[in-house]
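Please model the complete structure; the sequences and the hints are all you need to start from.
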Amino acid sequence: MKKTKPILILLICTLFVAGCTEQKILERISITTLLGYDLEEEDKVTTTLTVRQVSPDDKSSLETQSNTEETSNGTSIKVNLQTSKKIMAGQLRVLLFGKKLAQDSIEQTLHTTMMNSEISSSIYLAVADGTTKEIIEAQYENITDIGQHVFNLIDHNVEEQHSVSSTLHEVVRNNYSPFRDIAMPIIKKEGQIIKINGLAIFNKSKMVGELSSEDAFYVIMLRDKFKAGSVELSLPGNTLNHDRDQDDKLEVSIDSIKSKRSINLTNPSTPEFDVTVDFGCRLIELHSNENTGRPEVTKKLEKAIGDKMESEISRIIKYTQEKNSDIFGFGDDYYASVRNSGLTEAKWHQMYPNMKVNVKVNIEIFRNGVFE
Amino acid sequence: MKNTLYVGNTQKFNAFLLFYVVTASQIGVGIHGFQRVLYSEAKQDAWISLVLSFVLAHIAVMVMMKTLDMYESNDLYGIHLDIFGKYFGNFLNFIYIVYCMAAFLAILKNYIEVINTWVFPYLDTIFLCITILIIVVYAFSGGLRVIVGICFFSFFFILWIPPILIFPLHYSDLNFLLPVLDTELKGIAKGVLSMSFTIIGFEIINIIYPFVKEKDKYKRYVHFGLLFTLFLYLSILLISLTFFSGEQLSKTIWATLTLFSIIRLPFIERVEIITICIWLIIILPNLCLYMWSAYRGVLRMKFISTKKFTFFFVLIIFVVNLYVNKRATINMLNDYFGKVAFIVVFVYPFILFLFAFIKKKIKKSQVSKNEEN
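Top line first, the protein sequences correspond to chains Y and Z. Heads up: the first sequence at position 101 corresponds to 101 in the UniProt record's numbering, and the numbers run straight through without jumps. Heads up: the second sequence at position 349 corresponds to 349 in the UniProt record's numbering, and the numbers run straight through without jumps.
Check each hint, because a few of them may be wrong.
Said to hold, decoys possible - Listed next, the in silico DSS-like pairs over lysine-lysine satisfying Cα-Cα at most 25 Å (straight line):
(1) Lys-99/Y / Lys-195/Y
(2) Lys-307/Z / Lys-3/Y
(3) Lys-204/Y / Lys-12/Z
(4) Lys-12/Z / Lys-3/Y
Stated by the list, open to error - Partial pick of chain Z residues on the chain Y-facing surface, computed with a CB cut under 10 Å:
(5) Ile-126
(6) Cys-129
(7) Ile-130
(8) Gly-149
(9) Lys-251
(10) Asn-334
Said to hold, decoys possible - Some chain Y residues well away from chain Z (every beta-carbon gap over 12 Å; in silico):
(11) Arg-28
(12) Gln-53
(13) Thr-144
(14) Ser-213
(15) Gly-280
(16) Ile-284
(17) Met-351
To be clear, the hints were calculated from the coordinates, so they are not data collected in a lab. Here the structure is a predicted model, which means the values were calculated and not measured. Cβ coordinates follow ideal geometry from the N, Cα and C atoms, glycine included.
Quick look at the structure:
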């Protein structure tokens, strides 16, 4: 008993002293939820951020801050001079890059973000059409918290597979992977709303091109384990009814049920890939009075949709080849299937524009709606 | 044979607890960031290196147990004294004590560094060091049976890791594992070497052997323990290899923690912060076992009380801790310690076994000669 007493006292002390470590009391800090980087002249970077401050009297206020400095820490010091509470980045949800910065290089910014242990690697990254300052500092009628709003916007679209998932982890992974390039959504302010306006594609860490948001469907189809997503296609008018003119478009909308893609390298020297997508879907919309319950109609439709998708996918791949941006990760497949290839990043970027891809899409329409 | 330890039954523990002792002593701070070093050597074949290093560990531990079996109830220190005599034996014992202290220091410093980087960047390392040392002293003062109890306890703090790895699995890409066996054999071998810091810990059976109750069936539990660690390390490594791209992995210092930071649960947003704090319980048996090993060694040289030993041990660790306070120095410590550990754990047991075997043979022939005469 004699021995335990001093130890007990020591233990109690440590228990209480633990409360004296660094405190981050919610009322005494301000939380960044959205961060935007823009490139200015002379390599300076403007940082714009939304700051949420929680006050004890049940009201939380929002403000935006902006500053220009060479390093992001330099800006953070300056921004701290403008706010009454210490800024913490642990709740950061979205990181935006101005278009100019993205076109210059996002390498340095990514590195800084990864170095900071405060920031979670599940935050979303996106490119802003124009400058991020415009988007963040604008006044919106219906949006109270812009940080949360942009996060939800990207999050639900990623979940429903309308947009490429661009978490910090994935972007950094693709950036440091020698044979794969980054793709992230573009965000645009249009009047009073903010919307996802396409897909920015990168070569290494420079933004080199844009794809429309409809194309994102096909990019996801080739890139990821695809789960849900719907797409609208316009097929040639004479697909189902030969009397109609070919230019008179037949609009179809389908919703994916399951999809499986396989990429096979058939010829390492060109290189040549066979891409097969098995796509099971249901019909949501069909601007035609044909009876889709009949097998031959379904078959025709499946063929037409498949052809259309093949041509769309080929077009997108061609575009990325022109821009030399391997967002699908064909390089990884190449590296994985060729032994002792000695493939380097530079070599792959030389090979990529000459790559040949044979796309085959097998469509299966499982069901249509409740009304034929 | 002389120097045999007589351990009363009240001080002994059941053999199956060795399973927990081995897992607890192996899993420590190394698990936070072993992928990076392993990847830089063996590339996508890192998992082969890992499996090979465990095969090596099984062999090493078998040899250790063979050596121990030659003596009825003796630990490494006693074997040293028996084989090499008083002076050289004591010298080797001294080296082993220093090794235990270095292991203690390396674990402590790495853990403090993780806390400082992830959770409290401005907290003084001295404060952290004192806090952890107090807990260790408290646990250590309870004796071996308490330490074994902590090992048992800490095992259940490890068990939640495999299920939580399902979250990062969502982002994994199997292509990063291919092509298999594309790395040169040299790289894989180097990978095995680099694992030594992470894999060591099972050498504790050298010291703990006399305290095991059922000496006829303790071996299987040691091997089970190693297999469990292999399972845990392999699952973490495979997920890290597919989750990160190559160069990213070689730039991520604590890949396991970064792996956890993608997980976002509804009730807790940053799992890795909790992980790091819970990790204190996982490294606690590690620290206690190394301290206890050192104490056993000191007892062989000179009898001193637990209190005195604790005081000097803590004082030395604390003073050295003051000088190892930069990331670069800690990395250097890890490098050197890893190399020394490889020799102590993977090379030395074979040499010792050889000596013990020869000694036994000589003794036998002497005995038979005496009988003839």
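Met-351/Y remote from chain Z - nearest C-beta pair above 12 Å: Since the minimum Cβ distance to chain Z is about 17 Å, Met-351/Y lies beyond 12 Å and the statement holds.
Status of the stated non-contact between Ser-213/Y and chain Z (beta carbon gap over 12 Å): holds, 23 Å
Closest C-beta approach of Ile-130/Z to chain Y relative to 10 Å, hint status: holds, 9 Å
Hint consistency between Lys-204/Y and Lys-12/Z [alpha-carbon to alpha-carbon, up to 25 Å]: With a Cα-Cα distance of about 62 Å, the restraint between Lys-204/Y and Lys-12/Z is violated, given a limit of 25 Å.
Distance restraint between Lys-307/Z and Lys-3/Y, which requires alpha-carbon spacing of 25 Å or less: Holds. Lys-307/Z to Lys-3/Y sits at ~11 Å (cutoff 25 Å).
Status of the hint placing Gly-149/Z at chain Y (closest C-beta pair under 10 Å): With a closest approach of 16 Å, the Gly-149/Z hint is violated.
Cut-off 10 Å, beta-carbon criterion: hint that Ile-126/Z touches chain Y: violated, 13 Å
Restraint check, 10 Å cut-off on beta carbons, for Cys-129/Z near chain Y: violated, 13 Å
Satisfaction of hint between Lys-3/Y and Lys-12/Z, Cα-Cα up to 25 Å: At roughly 23 Å apart (the allowed maximum being 25 Å), Lys-3/Y and Lys-12/Z satisfy the hint.
Given as non-interface: Arg-28/Y, partner chain Z, CB spacing beyond 12 Å: Arg-28/Y is indeed farther than 12 Å from all Cβ atoms of chain Z, at 15 Å.
Thr-144/Y non-interfacial with respect to chain Z [C-beta, more than 12 Å]: holds, 21 Å
Minimum Cβ-Cβ distance from Gln-53/Y to chain Z exceeds 12 Å: holds, 19 Å
When held up to the earlier numbered hints, the structure conflicts with 3, 5, 6, 8, 10 and fits the remainder.
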